[in-house]
Amino acid sequence: MSWTIESLREHLQAALAVEHATIPPYFTAWISLKDTTNVEAVEIIRSVMLEEMLHLTLAANLLNAVGGQPSLTHRGFVPRYPHRLPFSGDRFEINIERFSKRALETFLAIERPEGPRARPEARKFHTIAQFYAAVRDGIDELCEQLGEKTVFSGKSARQIQPEAYYAAGRLTVVADRDTAHQAIREISEQGEGAHDSVFDADQSICGEGREPAHYYRFLQLVKGRSYRTGDTPKSGPRGARIDVDFDAVYPIRANARAADYPRGSQLRGALEAFGHGYGQLLAALEAAFNGSPDRMTEGMARMFALRDQARALMQIPSGDGKTTVGLDFTPI
Amino acid sequence: MSAPHYDAVIVGGGVAGALVARVLSQAGRSVLILEAGIEGAMNPDTYRQYLQTLYTEGGVRGMPNGPYPWNAAAPSPGIPNAPEPYYTYDTPMQFMSDYLRMLGGTTLHWQGTSLRLVPNDFRMQTTYGQALDWPITYDDLEPAYRRAEAELGVAADVEDQRFFGVWFPEGYVYPMHRMPQSRVDQFFDAALTGKSVKLFGGNYPLKVISIPVARNSTPNPKYSLGEGYDAVPAVGDRDQGQRCQGNSVCMPLCPVQAKYSALKTIAVLARKPTVEIRTQCVASKLVIDPETGRITGVEYKHYEKPGGGKFRVETAHGTLVVLAANAIENTTLLLASNAANSSGQVGRNLMDHPYLYVWGYSPTPVYPFRGPDTTSGVESLRDGRFRQVHASFRASLANWGWSSEPGNQISLLLGQQTYGAALRRQLAHRMSRMVKIGFMFEQLPTPTNRVTIDPKHRDQLGNYKPVLSYSYADYSLEGIETAVKTVWPTIARFANVQDETVFVDPAPGGYQRVTYNGTGYNLMGSGHIVGTHRMGSSRKDSVTDRNMKAWDHPNLYVVGAGNQVTIGTANPTLTAAALSLRAADAMLRELR
Amino acid sequence: MKASAKRTLFLAFSAELTGYSETDLEGTGNVDSFLGVLEQQTGAKAMALFYDAAAAVLQHGSAAARAEAMRIDVLPSPTVWPMCASLIMLWYQGFWPALAASWYSGVGSPKPKGWSATQKIVPSAQAYTAQLAYRAAGAHPPGANPTGHGSWSIDPVFGDNVAAGLQTRLGEGKSS
Numbered sequence: 001m002s003w004t005i006e007s008l009r010e011h012l013q014a015a016l017a018v019e020h021a022t023i024p025p026y027f028t029a030w031i032s033l034k035d036t037t038n039v040e041a042v043e044i045i046r047s048v049m050l051e052e053m054l055h056l057t058l059a060a061n062l063l064n065a066v067g068g069q070p071s072l073t074h075r076g077f078v079p080r081y082p083h084r085l086p087f088s089g090d091r092f093e094i095n096i097e098r099f100s101k102r103a104l105e106t107f108l109a110i111e112r113p114e115g116p117r118a119r120p121e122a123r124k125f126h127t128i129a130q131f132y133a134a135v136r137d138g139i140d141e142l143c144e145q146l147g148e149k150t151v152f153s154g155k156s157a158r159q160i161q162p163e164a165y166y167a168a169g170r171l172t173v174v175a176d177r178d179t180a181h182q183a184i185r186e187i188s189e190q191g192e193g194a195h196d197s198v199f200d201a202d203q204s205i206c207g208e209g210r211e212p213a214h215y216y217r218f219l220q221l222v223k224g225r226s227y228r229t230g231d232t233p234k235s236g237p238r239g240a241r242i243d244v245d246f247d248a249v250y251p252i253r254a255n256a257r258a259a260d261y262p263r264g265s266q267l268r269g270a271l272e273a274f275g276h277g278y279g280q281l282l283a284a285l286e287a288a289f290n291g292s293p294d295r296m297t298e299g300m301a302r303m304f305a306l307r308d309q310a311r312a313l314m315q316i317p318s319g320d321g322k323t324t325v326g327l328d329f330t331p332i
Numbered sequence: 001m002s003a004p005h006y007d008a009v010i011v012g013g014g015v016a017g018a019l020v021a022r023v024l025s026q027a028g029r030s031v032l033i034l035e036a037g038i039e040g041a042m043n044p045d046t047y048r049q050y051l052q053t054l055y056t057e058g059g060v061r062g063m064p065n066g067p068y069p070w071n072a073a074a075p076s077p078g079i080p081n082a083p084e085p086y087y088t089y090d091t092p093m094q095f096m097s098d099y100l101r102m103l104g105g106t107t108l109h110w111q112g113t114s115l116r117l118v119p120n121d122f123r124m125q126t127t128y129g130q131a132l133d134w135p136i137t138y139d140d141l142e143p144a145y146r147r148a149e150a151e152l153g154v155a156a157d158v159e160d161q162r163f164f165g166v167w168f169p170e171g172y173v174y175p176m177h178r179m180p181q182s183r184v185d186q187f188f189d190a191a192l193t194g195k196s197v198k199l200f201g202g203n204y205p206l207k208v209i210s211i212p213v214a215r216n217s218t219p220n221p222k223y224s225l226g227e228g229y230d231a232v233p234a235v236g237d238r239d240q241g242q243r244c245q246g247n248s249v250c251m252p253l254c255p256v257q258a259k260y261s262a263l264k265t266i267a268v269l270a271r272k273p274t275v276e277i278r279t280q281c282v283a284s285k286l287v288i289d290p291e292t293g294r295i296t297g298v299e300y301k302h303y304e305k306p307g308g309g310k311f312r313v314e315t316a317h318g319t320l321v322v323l324a325a326n327a328i329e330n331t332t333l334l335l336a337s338n339a340a341n342s343s344g345q346v347g348r349n350l351m352d353h354p355y356l357y358v359w360g361y362s363p364t365p366v367y368p369f370r371g372p373d374t375t376s377g378v379e380s381l382r383d384g385r386f387r388q389v390h391a392s393f394r395a396s397l398a399n400w401g402w403s404s405e406p407g408n409q410i411s412l413l414l415g416q417q418t419y420g421a422a423l424r425r426q427l428a429h430r431m432s433r434m435v436k437i438g439f440m441f442e443q444l445p446t447p448t449n450r451v452t453i454d455p456k457h458r459d460q461l462g463n464y465k466p467v468l469s470y471s472y473a474d475y476s477l478e479g480i481e482t483a484v485k486t487v488w489p490t491i492a493r494f495a496n497v498q499d500e501t502v503f504v505d506p507a508p509g510g511y512q513r514v515t516y517n518g519t520g521y522n523l524m525g526s527g528h529i530v531g532t533h534r535m536g537s538s539r540k541d542s543v544t545d546r547n548m549k550a551w552d553h554p555n556l557y558v559v560g561a562g563n564q565v566t567i568g569t570a571n572p573t574l575t576a577a578a579l580s581l582r583a584a585d586a587m588l589r590e591l592r
Numbered sequence: 001m002k003a004s005a006k007r008t009l010f011l012a013f014s015a016e017l018t019g020y021s022e023t024d025l026e027g028t029g030n031v032d033s034f035l036g037v038l039e040q041q042t043g044a045k046a047m048a049l050f051y052d053a054a055a056a057v058l059q060h061g062s063a064a065a066r067a068e069a070m071r072i073d074v075l076p077s078p079t080v081w082p083m084c085a086s087l088i089m090l091w092y093q094g095f096w097p098a099l100a101a102s103w104y105s106g107v108g109s110p111k112p113k114g115w116s117a118t119q120k121i122v123p124s125a126q127a128y129t130a131q132l133a134y135r136a137a138g139a140h141p142p143g144a145n146p147t148g149h150g151s152w153s154i155d156p157v158f159g160d161n162v163a164a165g166l167q168t169r170l171g172e173g174k175s176s
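Residue numbers (this note's numbering), protein chains in the order written: chain A, 1 to 332; chain B, 1 to 592; chain C, 1 to 176.
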């Protein structure tokens, strides 16, 4: 296909939606773990989720750099779950569900590394990394055609600065082709690993050791062992045992909906309050991504508040005698 | 005599000892750290356990040493439900501050405030005719302050901090930007901008200024000539602690380790091949060559279990010996060894910052109980002509509402049989407007405020426990009266705060009552322990020289807040860190 | 009374006493634990009185009528009101304050094992972290749930000020 600036922006907005789409499922699995047990599982899922949030921000920086306007509050930005990612070819659904073996299988499918011979194709691709590879090629093509300055026309003040984002990895400020490549590499490698490697290429921080890519982090929970330096995709994880207690999770209903409960009921109200909170979070992030980076503080505060609301919703009985209410991310 | 095995034997695994070890090991020197306490919080599982104790043991919240266990082999003062007290007193007044003997030391429970002393603090005698001058000036210590700010990871903006002659080199910025200001800060700032208070010597502005803290905030990309700064996360968990995230508890420990503790430096040291750290080793005596005065060995008791009981006596040998066990423990060790005391000053001039709270209701909600304990203070009374006649002080704006709240208000409301929606509403109304200010007062060095030892008072391993003599001089009490009767009412008036302060008699637990000019005040300690082995220009009236080296022994350094000649109104840890770095430089010069 | 009926009554009355909804209380995960503490600390005799009083109050549909029933039946009761006060403290502050020795002799029930007058029983870490006292004021118990870096520089994004729509302008506050 032939790229235009417009189609590039559309793809990056789509990237934003794709990065976002995995956050509610990871968030839900994370909170559903009772955190005094399953310490490693909590840490792993939380770390992956934080990195997805980094990817979301990187995607916003990329989109802003090419003169786009990130949108997080339009109808449909938050997908209806169960959700099929745009490139999954109907192979799997993502649910808003408790941590479980099924959820882990889904996460592995989301983060699956690309095969070495996979060709990048926009519109017809099987992994997130292939999508980004195609976008990267699109950027290169457009720079070739139109010149770097024309492609990267966005105002630098709209970039989220690395200092504003903490917790995981490096936030790249995108201003040109090289930094765009860097941002894309950060996204791909954190997700799937550098080629043939369990680890992303990021150097160790504080000598603490390198972090396996997302796919392999989840695999640790499936295999029940952690990766050590020297382990490869072929060898599998040969490090310390990880014990996962699949029963130490809150028994939430999958894909809960506020509309499942009668209008005016307390349970409906609680779910709607969560959806309202989520909508406000997205609004704060959108403002931050569109020239008001100081709104990140409010965004973070809303994220932390949602965590508390989520934990409460995971403990409230749904009324069927077996499950608890669960989460509905539909913004209100 | 056996040959030294280490370039330096350091007694104490807290911030002072860790920083000395850092400098020495960076230059390839071999170092042994002897820590009296257990590994404790260094272990992530144990850290989590302490955090759980914080939740389940109501009584320990708010106590500096709250969740930390009693260790009969290396007792600390202020451990809740301790089977016996650690301090003994020679005076009716008690010394109100405690510390922690565990790897990482008192920085496990400190608040993180990292203020520099102001220039006049170093020259009180010359400027105000009070106390003594230090043998060094602010200018002398300034480079070490910057290095300490790097190692501790201090968050502040230099534009806020240039007052009373505090200066920074051109282009210097702190590693991280100042901590975000709380709504409480914003409230007082708005009320006090442009306002002043009349004290001895004139009108003094009331300025709300951000407090420099060793707590992770947003890194400043301009730090270190544009190199930037990476916030140091929790030990053993890089996904935690890169920012203060508002857990609203800093003391007795930070749940995510966003606050600096010496564990962060120790974690780096532990990876160095030339550094050895031994815990559960209590130094009990310095072995001294009677002819040369050389410290030929550090005798220590290596115990198996923290409950006391079995121990082995061993001796460590170093070219240099460094005492970094805190101002009180350094003292008991020196006195037990009959060391470094030709001046008679070892243990004398014990100083703390007497601390006092005032509180009230703001007219509009300011939403306390959030964020770090304190993010700003009224810093504009830390110096001035009034120091000729009374103590200076600073005023920390508290972010956590009133002490013992919301418990007291709930009890009050329940006592009135207020329940349900009314309870919810009234409690929220009160809580959201609770403002509190903590005043911190300087004390002058007083020879009779001191630490001594007595063979009658020993711990289970036979080591000396400290015997304390303590009092408040009129200089401090005059400052306290000024703060309570002039400054606070002035602030309350400008801010339209409804004063609710009452000093109940008898004083509640953790406070002691002092009466001055007919008024009773309830005072706490600040946890600041300073002055007991001060530096000086003459061996006649000081324990160490200007590089923290003991006058009386050719290879002994005594480092920490104990070196301070005056206490000023700065929390001492940053200064202790700077002095330790300065001392370590001198040690390196000697070892060459 | 069946256990499930007791739980339902306990939850409804706790909502009345605390001013928080049943859903809010369920969300703490402490309903069963706190009912257990109440039963264990007061005994079967006092619990029967408690349930009677709860039913008497909750039979009324309007808040005003329930308040009146509280005023008549519960507040003056030397047995029931102290139970309510301790229960409110348990929900609000995460610990059960001991009932006085005189309460036990008044009811004619033995004191529970390990009772002391100054006792503060914390049933679990979750009792601490889910304290209600802070919530309405937009805060959390110390060390329990963080609110996010910089959150203290803006008004709370949760709490009664938010719910009532009285929130003052949200924004990054700046001091001079």
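Hints listed in this document are in silico derivations from the structure and should not be mistaken for laboratory results. Don't take each hint at face value.
Said to hold, decoys possible - Under the rule of at most 30 Å between Cα atoms (straight-line distance), these lysine-lysine pairs were calculated in the DSSO-like manner:
| id | chain 1 | residue 1 | chain 2 | residue 2 |
| --- | --- | --- | --- | --- |
| 1 | A | Lys223 | A | Lys234 |
| 2 | C | Lys120 | C | Lys6 |
| 3 | C | Lys6 | A | Lys34 |
| 4 | B | Lys272 | B | Lys285 |
| 5 | B | Lys301 | B | Lys485 |
| 6 | A | Lys34 | C | Lys120 |
| 7 | B | Lys198 | B | Lys301 |
| 8 | C | Lys2 | C | Lys45 |
| 9 | A | Lys155 | B | Lys222 |
| 10 | B | Lys195 | A | Lys149 |
| 11 | B | Lys485 | B | Lys198 |
| 12 | B | Lys195 | B | Lys456 |
| 13 | C | Lys6 | A | Lys322 |
| 14 | C | Lys2 | A | Lys322 |
| 15 | B | Lys305 | B | Lys285 |
Said to hold, decoys possible - Beta-carbon label-pair distances, calculated as ranges:
| id | chain 1 | residue 1 | chain 2 | residue 2 | range |
| --- | --- | --- | --- | --- | --- |
| 16 | A | Gly67 | B | Gly28 | 27 to 33 Å |
| 17 | C | Lys120 | B | Ala150 | 53 to 59 Å |
| 18 | C | Asp32 | B | Gln416 | 27 to 33 Å |
| 19 | B | Pro205 | A | Gly147 | 18 to 24 Å |
Note that the Cβ used here is the ideal one computed from N, Cα and C, for glycine as well.
We went through each hint and held it up to the structure:
Restraint check: the Cα-Cα separation between Lys223 (chain A) and Lys234 (chain A) comes to about 13 Å, which is no more than 30 Å; the hinted pair holds. Taking the CA atoms of Lys120 (chain C) and Lys6 (chain C), the gap is near 25 Å; set against the 30 Å cutoff, the hint holds. The straight-line distance between the Cα atoms of Lys6 (chain C) and Lys34 (chain A) is roughly 27 Å, inside the 30 Å bound, and the hint therefore holds. Taking the CA atoms of Lys272 (chain B) and Lys285 (chain B), the gap is about 28 Å. The hint holds against a cut of 30 Å.
A threshold of 30 Å between alpha carbons decides the hint, and for Lys301 (chain B) with Lys485 (chain B) the separation of about 51 Å lies outside it, so the pair is violated. Annotation: proposed proximity of Lys34 (chain A) to Lys120 (chain C) holds, straight-line Cα distance about 26 Å (limit 30 Å). Restraint check: the Cα-Cα separation between Lys198 (chain B) and Lys301 (chain B) comes to about 56 Å, which exceeds 30 Å; the hinted pair is violated. Between the alpha carbons of Lys2 (chain C) and Lys45 (chain C) the distance comes to roughly 16 Å, so the proposed pair stays at or under 30 Å and holds.
Using a Cα cut-off of 30 Å, the hinted pair Lys155 (chain A) and Lys222 (chain B) holds, with the two alpha carbons roughly 22 Å apart. As the CA atoms of Lys195 (chain B) and Lys149 (chain A) are separated by approximately 52 Å, the hinted pair breaks the 30 Å bound. Taking the CA atoms of Lys485 (chain B) and Lys198 (chain B), the gap is near 12 Å; set against the 30 Å cutoff, the hint holds. Of the supplied pair hints, the one linking Lys195 (chain B) and Lys456 (chain B) is violated, its CA atoms being roughly 55 Å apart against a limit of 30 Å.
As the CA atoms of Lys6 (chain C) and Lys322 (chain A) are separated by approximately 19 Å, the hinted pair is consistent with the 30 Å bound. Under the criterion of a C-alpha separation no larger than 30 Å, the hint pairing Lys2 (chain C) with Lys322 (chain A) is consistent with the structure, at around 19 Å. This hinted pair checks out: Lys305 (chain B) and Lys285 (chain B) have alpha carbons roughly 21 Å apart, not beyond 30 Å. Checked against the hint of 27 to 33 Å, the pair Gly67 (chain A) and Gly28 (chain B) fails, with Cβ atoms roughly 53 Å apart.
The beta-carbon spacing between Lys120 (chain C) and Ala150 (chain B), approximately 44 Å, falls outside the hinted interval of 53 to 59 Å. Judged by the Cβ atoms, the range 27 to 33 Å given for Asp32 (chain C) and Gln416 (chain B) holds: they are separated by roughly 30 Å. Between Pro205 (chain B) and Gly147 (chain A) the Cβ separation comes to about 56 Å, which falls outside the hinted range of 18 to 24 Å.
Of the numbered hints given earlier, the model fails hints 5, 7, 10, 12, 16, 17, 19; all others are met.
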